[in-house]
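S.K.: Listed below are the residues making up each chain.
2 protein chains.
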Amino acid sequence: MYSLTSNSEAARPFLTWQRIIDWSQEHYRIRTFAKDEKLPTRPGLVYLVQRGAVRLVGSAQVNATGNNASRLPRISPEEAFLGFVGAGQPFEIVAQSPFTLQSYAHVDQTSVLWMYWHDLDNWPHFRREVLDAFRYQHQRKLLWLSTLGQRRTIDRLLGFLTLLIEEYGEPSEQGYCLPFPLTHAQIGSAIGSTRVTVTRLMGKLRQRGMISTQGDNLLCIPTDSTLTRT
Amino acid sequence: MYSLTSNSEAARPFLTWQRIIDWSQEHYRIRTFAKDEKLPTRPGLVYLVQRGAVRLVGSAQVNATGNNASRLPRISPEEAFLGFVGAGQPFEIVAQSPFTLQSYAHVDQTSVLWMYWHDLDNWPHFRREVLDAFRYQHQRKLLWLSTLGQRRTIDRLLGFLTLLIEEYGEPSEQGYCLPFPLTHAQIGSAIGSTRVTVTRLMGKLRQRGMISTQGDNLLCIPTDSTLTRT
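Which chain is which? The protein sequence lines are A and B, in order.
Position one of the first sequence corresponds to residue 1 (full-length UniProt numbering), numbered consecutively onward.
Position one of the second sequence corresponds to residue 1 (full-length UniProt numbering), numbered consecutively onward.
Everything labelled a hint here was simulated from the structure, so no lab data went into it.
For glycine and all other residues, C-beta sits at the position ideal for the given N, C-alpha and C.
There may be inaccurate statements among the hints.
Computed footprint of chain A on chain B, listed as stretches where at least three residues anywhere in the stretch have a Cβ under 8 Å from a Cβ of chain A [to be verified]:
{"id": "1", "stretch": "47-60"}
{"id": "2", "stretch": "105-112"}
{"id": "3", "stretch": "135-146"}
From just these sequences and the hints, can you work out the full model?
M.R.: Below you can see the structure in the form of structure tokens.
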């Protein structure tokens, strides 16, 4: 597993992280969110997930199928799931037309702190780690784009689940499992498909033994699958 | 236009960039490539495009439609176009199974230099710029993922072209145009579609006045379109 969380927690002196949490509490720059609560983010700030997980979502406002009389694409509020930010990881939201990015607490009791980029100058070593985390996230998104370039929806689906579980999965009896649920609608929104199609194709993948589910609808990839052959 | 090239060239003292080129020549760490030549990249190195443009490509090796008798997905060499890296911009290639990333010279006379990350410690200000460039690229890829989450292929296509031209387009009589050609097969590989479908849908977008082409098959977005309403 390429878990940034564990890597960076291993590399990061515990004291720095504790000092940053103390700093954010002193400056009232930490807050806890309920499941699916929207995070009020602003460009220019860097956010750090202290506990829980954040869900990134993008909204397209470009649409080719608007009113034919007008050249201007109409507003379409289709939201795409863009990934998670786990504990210990940074994120930032830079609003850019014609697409906007948003973030939500994916699980209950998700705690997030924030600072200006120049605040990070107080902890130069940590600043470097944050930037390295963005490099890592960028590489992961390139892999994600690779799978979304596949023509067949079932290939995109399997590639997407593989990447997600590779990054966030935790070992279990079933193999590696996501530690939090993801709805079929959310999966569909990530791979350019619908909830109905995702449900049907997940059935196929399950039949072929390529994925499985555990307990409260947690997605797993068996240990004898692609993941563990790498 | 959100051109990183011009931003970073404006922000970067010309002398630093010249010193880096001199350094790479002294150390034989600069090379010029012909159009579509593959760049021999290695993880752990950071690459900088001095001139021309680099095309990033990803190959999926996960495939759900393999031999049903086996649980193991078979190898499928589907290549997806993942974007450009323009002059003045950095990139890195970190190989990661089950997807691999590759880079090609997109135009003739593309010149690329490379260094280890620790070499960048010689130019701390420039190091910071490189890391900021990756932050920027990461944000762009999130927007790109937003459009690939759209269900209709024509929406993905228009969103993709809009983002690409927004980032790399240059002003012209037609509006904003990509400075280098991109084939319909390459576009299809980025948005999970085929060359044939892309050709058909591009015809529709052209009819609706949402895109146009200039001279040697260069893609343009008219100035009264979404781009310039932002």
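S.K.: All the hints need checking, so say for each whether the structure fits it.
M.R.: So, going through the hints one by one against the coordinates:
1. 47-60: Per the Cβ count (4), the hint holds.
2. 105-112: violated (count 0)
3. 135-146: holds (count 10)
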